[in-house]
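> Here is how the chains run, residue by residue.
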Amino acid sequence: MVEIFEGSLPVEAILARWYGASLGRNEGAFIPFVGTVRAEGGIEALSFDIYEPILARWYEAWQTKAAALGARLAMAHSRGDVPVHTSSYIAAVFSPKRRVALELIDAFVEDFKAQAPIWKYDIIDGKRIYARERSTALVGSGILGGTQ
Amino acid sequence: MVTVEFLGPIGLEDMHVEASTLGDVARILQNDERVSAWLATSAVAVNDELTSNLSKPLKNGDKVSLLPPVCGG
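Protein sequence lines, in the order shown, are assigned to chains A and B.
Just so you know, we're using the numbering used here here: the first sequence kicks off at 438 and counts up by one.
Just so you know, we're using the numbering used here here: the second sequence kicks off at 16 and counts up by one.
Bear in mind the hints are in silico, worked out from the structure with no lab data behind them.
Just so we're clear, the structure is a prediction, and the values are computed from it rather than from any experiment.
Warning: the hint list may mix true and false statements.
Unchecked claim - For lysine-lysine, the following DSS-like pairs were computed, each having C-alpha atoms within a straight-line distance of at most 30 Å:
#, chain 1, residue 1, chain 2, residue 2
1, B, Lys-71, A, Lys-550
2, A, Lys-534, A, Lys-550
3, A, Lys-564, A, Lys-550
4, B, Lys-78, A, Lys-534
5, B, Lys-71, A, Lys-564
6, A, Lys-502, B, Lys-78
7, A, Lys-502, A, Lys-534
8, A, Lys-502, A, Lys-550
Just chain A, with the same shape it has in the complex:
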């Protein structure tokens, strides 16, 4: 299950908990990816909406792929506002084998960017502005037909 937090992630606590839980499982590799909000474009924070039912389906499909490789995944993401220089996203792979973990973290993070039902907004001067230019249409988009 994806761990969802209101606001910035408590990164140190999450990583310590995941690491601690992995000990004794004979997992030789633990690769976390931590996404931190950069100060750019005059933003004060990023903000996120999440649609949990479809996120859960996407994540379960990835856990199944990972399990077929003898690996498992963990993920945490923020909802709401996340100020600059704090973190909104952690993905991690646990695996007996280094190579499997390195390849899986790459594929998992890239597919997350393209497929996870999460919407990003810039917070500028207190206003919440959809990050339209940085967003990606999901596979199969447009079937309802549009005027654009």
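Using the hints, position chain B against chain A.
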């Protein structure tokens, strides 16, 4: 009745419409100027399952969700 929900930045209240297929929903939304501009870039889910089948039959109580372009992380 079918419930249509608009996720993320679309920012509209749920709509309740009479529709027997996803194609019926498409025709209704194409004629609604508040949402029509989102249709070309939005994905569609029925009861939380993504679909690209416009002839998909709908029944009373089904939920249709529009998912505009995403950007997590």
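> Run the structure past the numbered hints and jot down the numbers of the failing ones, going up.
Hints 4, 5 not satisfied by this model.
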